[in-house]
Structure formats: C-alpha cells, structure tokens
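*Asks:* Spelled out, the chains give:
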Amino acid sequence: MNRLHLIASLVQVEFDTDDQGVTSANPLLPPLKEIWIGGAASLIVFYALWKLAMPAIRTAMSDRTARIQGDLDGAAAATTDAEQSASEIRTALGDIDGERQRLFAEAEQQAAAILADGRTRLDVEIEELHTRAEADIASAATRGGDELRAEIGRHAAVSIDTVVADTLDDAAQQELIESFIQRVGATGATS
Amino acid sequence: MSDAQIEGYARALFEIARADGTLDEVEDELFRFARSYESSDALRNAITDEHVPLAKRQAIVEDLLDGKATTTTVQLVSMVVGSGRGRDLPAIVDSLVQRASSAKQLDVAEVRTAVALSDDQQARLKAALENATGKQLNLKTVVDPSVVGGVVATVGDTVIDDSVRTRIDQLKSRL
Numbered sequence: 001m002n003r004l005h006l007i008a009s010l011v012q013v014e015f016d017t018d019d020q021g022v023t024s025a026n027p028l029l030p031p032l033k034e035i036w037i038g039g040a041a042s043l044i045v046f047y048a049l050w051k052l053a054m055p056a057i058r059t060a061m062s063d064r065t066a067r068i069q070g071d072l073d074g075a076a077a078a079t080t081d082a083e084q085s086a087s088e089i090r091t092a093l094g095d096i097d098g099e100r101q102r103l104f105a106e107a108e109q110q111a112a113a114i115l116a117d118g119r120t121r122l123d124v125e126i127e128e129l130h131t132r133a134e135a136d137i138a139s140a141a142t143r144g145g146d147e148l149r150a151e152i153g154r155h156a157a158v159s160i161d162t163v164v165a166d167t168l169d170d171a172a173q174q175e176l177i178e179s180f181i182q183r184v185g186a187t188g189a190t191s
Numbered sequence: 001m002s003d004a005q006i007e008g009y010a011r012a013l014f015e016i017a018r019a020d021g022t023l024d025e026v027e028d029e030l031f032r033f034a035r036s037y038e039s040s041d042a043l044r045n046a047i048t049d050e051h052v053p054l055a056k057r058q059a060i061v062e063d064l065l066d067g068k069a070t071t072t073t074v075q076l077v078s079m080v081v082g083s084g085r086g087r088d089l090p091a092i093v094d095s096l097v098q099r100a101s102s103a104k105q106l107d108v109a110e111v112r113t114a115v116a117l118s119d120d121q122q123a124r125l126k127a128a129l130e131n132a133t134g135k136q137l138n139l140k141t142v143v144d145p146s147v148v149g150g151v152v153a154t155v156g157d158t159v160i161d162d163s164v165r166t167r168i169d170q171l172k173s174r175l
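Here the protein sequences come in this chain order: H and Y. Mapped onto the working numbering, the consecutive letters of the first sequence carry residue numbers 1 to 191. Mapped onto the working numbering, the consecutive letters of the second sequence carry residue numbers 1 to 175.
Next comes chain Y alone, as it looks inside the complex (with noise of 0.2 Å):
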C-alpha cells in the first residue's frame, strides 16, 4: 500500500472522528489496538490471513473489541480489515494519531513500559519528556512486556530508552 493511500485511509479515519466528537478517545484506542496487532501474532494472523473471508475477519475485529472500545472505533477498524488493509492497520492508525497531535499543536511521545501507568504516572511523564525535548507532547502509552522494566520513550527521532530489556541486552553482548 502507498503512502499516498495510507494517508488517505487515515485523512478519513480523521475526519469520521473528528465529526463524531470523539477524536481523542478513538485515537487513543486505535493506537493500542495498533499496538497489540503488531504485539500479537495471533491477531495480525487473524486480520491478514487471506483464506479467511473479509466479512469473518471483521466478525473476529468486532468481537474482540466489542464492550472494549467506543462505536466508532469498532467500525473504524471494522472498515480498514473489510477493505483488505487488515496489514496496513498500524501505519494508518500512526498517521491519524501524527494527524490528530498536529492539529492540536503537539507532537507524538509514545511510551512503552512492562506494566501500566497511572494517570499521575502519565502526567508527570508528559510533563518531563515535554521539559527534556522542549515540545508539547500528545503522549501515548503502551504495555509493552518485552521492556522486562523502566521505560523506553519515543519523541519523533529522539529515543530516551532506559529499560530493563536494553540492559539485559548489553549485559548478555559483554557475555
């Protein structure tokens, strides 16, 4: 798939959205959604496996995100998966959040961690990478176990990784 068509998808995911009131909260959700699709290979099979007919695909999409999410995303990621764009879900979802955060004045900082932040976690967060890179940050986080520990932050080409998975790393190339 094109950029070009990836924008596209994601210009329009924008706008639905937008229309709806519910910008915030979809793109909130579509980026975990994005997150456990690349996390999940039981999932990314799921949406991307081509002898699954489009209409079951979505079946699978709804029905794992029915109760969890709002409406509109449901549907949102119901269209991507019946279009055959199942593979295509994260960079589209990437380019509505860069879109979204670009229409309030801020930039992206995504932030992984073994376990989940509170939301002081997430405030005071925001407000040191927004001091240490100078920006107004649209903060996303993800819980992401592979860290092991710590945090790996995300701001544009800027990467802040103090985890425990990079340590163990280092330790197991100087072995």
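Next up, chain H with everything else stripped away, as it sits in the complex (with noise of 0.2 Å):
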C-alpha cells in the first residue's frame, strides 16, 4: 500500500526547472533530455564495454574455467591415485598378511622338521652310544678276564720255579734220578 502511494506521488509531483530552464518532470528525476543523451550514452559504453572487454572477460572467464577443470581434473586424478596407492597399499597389507602367515606356517614346519630331524639324530646317537658301550663293557670285561689270567699265569710262573725250587731238595733231586734210572731201563726209550 505505501508502495502505491509512493509510485503515485512520484507521477504527480511538479518537474522542476533547472539553470537552463528546462524543467524536470520529477523532483526526483534528471530531466528527459538528460536522460535519453544519459541513456545513449550508456548504451554506447555498454555496447564498447560488450565489443572491447567481454572477449577479454570471456577469455579470462574461459581460462579460469579451464583452470579450475584442470584442478578439478588434477584433484580427481589424485583422488584416483590415492584410491589407487590405498588399494595397493591395501593389497600389500594383504599380501603381508599372507606372506607373514605363509612365513610364520614355513617357519613352524620347518622348526617341526628340525625337531623331528633332531630327535631321530639323537634316538640314533642314543642307540649307537648304548651298542657302543655295551661293546666297550664286553670288550673291558674280556679284556679284564684275559689280563687277570694272564696275572694269575704270571704270578703262578713265577711261584712254579720258587716252590719247585724250594721243594727239590737233595733227596728229592736223587728220587728224580733214580725213577729216571728204573723208568728208562725198565721200558726202553720214550722220545
């Protein structure tokens, strides 16, 4: 309602006159003479400015445009290749995981391998070990059998030619003599 009361005032108010006499229609506005020569002349900039600057402005426009798709170009192609180096990355981890398993499995089999490998070493180092000194206890029991015979033989040779020593006296020396004397005699030679 104000609105309307404002645009009808502005249509009934008396133009004013200027310096030169040429009298506004408005108050509020120049006069008309103003602003056609105001309007033309507008109309010329607007159409200098649409001729001289807008292919500038365009290009400009057009470069920024392009600068901006080439970013835009560029921040997909990193985001790409992010996905991308996230996806390797993610294999890779896969791929860790998988070898750290395949290693750890490896490892496990080949440490059941040693200890199994190990202990069939051993059960025949044990084995060999066991026959070994069982040869060794027969071989020191015989050997002991056959050195203390050969002592007791020792011992005993020596005692033969004391005792026998100390047995043949005089008398016995004679009897010796005597029966080799009948013997010989009496049945002929023994060889």
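Derived from the structure by calculation, the hints contain no laboratory data. Warning: the hint list may mix true and false statements.
Stated by the list, open to error - Short derived list, chain H residues pointing at chain Y, Cβ under 10 Å:
1) R64
2) R67
3) I152
4) T167
5) E178
6) F180
7) I181
8) V184
9) A186
Unchecked claim - With a straight-line cut-off of 25 Å between C-alpha atoms, the simulated SDA-like cross-links for lysine to any residue are:
10) Y:K172 - H:L168
11) Y:K135 - H:S179
12) Y:K104 - Y:A19
13) Y:K172 - H:D169
14) Y:K135 - H:I137
15) Y:K135 - H:Q182
16) Y:K135 - H:A186
17) Y:K126 - H:Q174
18) Y:K172 - H:E108
19) Y:K172 - H:S179
20) Y:K172 - H:I37
21) Y:K126 - H:Q182
Just so we're clear, the structure is a prediction, and the values are computed from it rather than from any experiment. The beta-carbon is built from N, C-alpha and C at its ideal position, and this holds for glycine as well.
Taking the hints as your guide, dock the two standalone chains into a single complex.
*Replies:* Shown next as structure tokens:
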C-alpha cells in the first residue's frame, strides 16, 4: 500500500526547472533530455564494453574455468591415484598378512622338521652310544678277564719256579734221577 | 769256521791226546769245559772278546783250568784259544768226543742233570740207556742247573727228557 502511494506521488509531482530553464517532470528524476543522452551514452559505453572488454572477460573466464576444471581434474586424478595407492596399500597389507602367515607356517614346518630330525638323530646317537657302551663293557670284561688270567699265569709261573726250587731238595733230586734210571732201563726210550 | 776246519782241529786234538795216552781223561775234561763255555757268559766273553789280546785270553784259560785239568787239556784249550778259534771250541770238542767214541765203537750219550751223578748212578744210567737204545754208549754227564731236577739224556737224535724244567715250561704254557 505504501509502495503504491509512493509511486503515485512520484507521478503527480511537478517537474523542477534547472538553470537553463529545462523543467523536470519529476523532482527526483533528471530532465528527459538528460535521460536520453545519458541513456544513449550508457548504451554506447555498454556496447563498447560489450565489444571490447567482453572477449577479454570471456577469455579470462574461460581460462579460469579451464584452470578450475584442470584443478578439478587434477584433484580427481589425485583422488584416483590416492584411491589406487590406498588399494595397493590394502593389497600390500593383505599380501603382507598372507606372507607373514606363510612365513609363520613355513617356520613352524621347518621347526617341526628340525625337531623331528633332531629327535631321530638323537635316538640314533643314543642307540649308537648304547651299543658302543655295551661293546666297551664286553671288551673291558674280556680284557679284564684276559689280564687277570695273564696276571695269574705270571704269578703262578714265578711261584712255580720258587716253589719247585724250594721243594727239590737233594733227596727229591736223587729220587727223580733214580726214577729216570729205572724207567728208562725198564721200558726203553721215550722221546 | 767251516766244518772241515773244525774236523781238522778235532782230529789234531784227538791225535795229541791219544799220543799222550790221556785220551779218555782229556776227552772228558774238554767236554766239561765246552759245556761250561756254553753255559757261562763270562767265560765265553773272556775267550772270544776281540779287544782282548790272544795271549791274555790264553792266560785266562790257563788260570781257569790250572789244577783242575790235566796239562794236556790245558795246553789243547790254550792252543785253540791262541789260534783265535775260541768261539768254535764247543764244536771242536764235540767233534773230538764223537771221534773218540767212534774209535771205541761207542755212541755219545749226553746226560744233563741239576746235580752231579755219583759213579754208581752214572754206571746204572749208562746201562739203562744202552738197554733202551741198543747201543754201546760213551756217557758224558753235564751238571746244568737250568734242568732244575730230573734228567735230560741225548743219544744221537734221540732225546729223553724227564726234567723238571720241561714240566714247568709245559705247566707255564698251559697257564
């Protein structure tokens, strides 16, 4: 409502007259001539701007658009690269996990094999040691028996000489000689 | 020394002893001396040591036999030693004994005992061996302590061993 009153007042107001006697239709508006001239000038200016500045502005805008598009494309490429890298990293992480599990499994397998081999070797060595110990014991027992028999033989041999020498007195010597004479004379030669 | 040389020396000694009329006695003394030579390292070394002059070796032999053997025996042994044949003395003497026994139609019987035999024992032993071998024997006795006891009689290739030493050795080998 207020807006309608204002517009009506503008239309009904008397035009002012300027210094050259040109009267304005509206105190708020410039004279009509000035409006025409100003309008024409404005149109000229706008046309000039349109013809002269517009291409540069369009080029600048186009460049800016291209730059922004380039930035957007670069960002998209970077995003793609990042996603690819992330994918590769995830793949690599997956591979690492798999490799780690494989290594663990392999290590466990090798450890089990080494343990089994060690046990087998140990069993063989124990068996060899056992066999060798039994052979050594048997050898030592045999050697000990042989040495004991040899020692007894040595002592007996020494004792025999001593005992016989002590036992063979003159009477025994004569008895041996007489026995020899009788036996040889009676039965003949024994070689 | 060759067998011929040994025989030559034996024949020479034999002829000297027979010419001297002391063959039996000399033969017996030489036999005992030869056995002593075999059993005594000291006597063997004294007679055969090349570093000792022959004259000194002869003097040693003469000192050893002086008063224990006839002059002929001493001279014969001294002669052999003086000629540098001391090492062959046992072989020469054995040949001499064999020659003397052959001359008397006898075989040599060597008897080893640990103790000396009496004359009676020697006579009975000789008769027993003659009975056993069927030969007439020239009995040679040797006192050999290594026999320990009993008798070892050797007639030619026949050995009659009834010594204590042999029995001990058999027992030792079994042990």
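*Asks:* Hint by hint, note whether the structure agrees.
*Replies:* Hints, verified against the model:
At its closest, the beta carbon of R64 (chain H) sits 129 Å from a beta carbon of chain Y; the interface hint therefore is violated under the 10 Å criterion. For R67 (chain H), the suggested interface contact is broken, since its CB lies about 124 Å from the closest CB of chain Y, more than 10 Å. Because the beta carbon of I152 (chain H) sits about 7 Å from the nearest beta carbon in chain Y, less than 10 Å, this interface hint is met. Annotation: interface hint on T167 (chain H) holds; nearest CB of chain Y at approximately 9 Å, less than 10 Å.
Checking E178 (chain H) against chain Y by beta carbon gives a least distance of about 8 Å; that is within 10 Å, so the hint holds. The criterion of a C-beta within 10 Å of any C-beta in chain Y is met by F180 (chain H), whose closest approach is roughly 4 Å, and the hint holds. A distance limit of 10 Å between C-beta atoms decides the matter here; for I181 (chain H) the minimum to chain Y is near 5 Å, and the interface restraint holds. Restraint check, V184 (chain H) versus chain Y: the minimum CB separation of about 4 Å is within 10 Å; hint holds.
For A186 (chain H), the interface hint holds, since its Cβ comes within 10 Å of a Cβ in chain Y; the closest pair sits about 8 Å apart. Only pairs whose Cα atoms come within 25 Å are accepted, and K172 (chain Y) paired with L168 (chain H) is accepted, the gap being roughly 18 Å. For the hint pairing K135 (chain Y) with S179 (chain H), the CA-to-CA distance comes to about 21 Å; that is within 25 Å, so the pair holds. As the CA atoms of K104 (chain Y) and A19 (chain Y) are separated by approximately 15 Å, the hinted pair is consistent with the 25 Å bound.
Distance check on the hinted pair: K172 (chain Y) and D169 (chain H) sit about 22 Å apart at the alpha-carbon level, within 25 Å; holds. Only pairs whose Cα atoms come within 25 Å are accepted, and K135 (chain Y) paired with I137 (chain H) is rejected, the gap being roughly 63 Å. Proposed proximity of K135 (chain Y) and Q182 (chain H) is supported: the alpha carbons are some 18 Å apart, at most 25 Å. Of the pairs offered as hints, the one joining K135 (chain Y) and A186 (chain H) holds, with about 16 Å between alpha carbons and a cut-off of 25 Å not exceeded.
A threshold of 25 Å between alpha carbons decides the hint, and for K126 (chain Y) with Q174 (chain H) the separation of about 16 Å falls inside it, so the pair holds. The hinted pair formed by K172 (chain Y) and E108 (chain H) fails the criterion: a straight-line CA distance of about 70 Å is larger than 25 Å. The straight-line distance between the Cα atoms of K172 (chain Y) and S179 (chain H) is roughly 24 Å, inside the 25 Å bound, and the hint therefore holds. About 167 Å separates the Cα atoms of K172 (chain Y) and I37 (chain H), which puts this hinted pair outside 25 Å; it is violated.
For the proposed pair K126 (chain Y) and Q182 (chain H), the alpha carbon gap of about 11 Å is at most 25 Å, so the pair holds.
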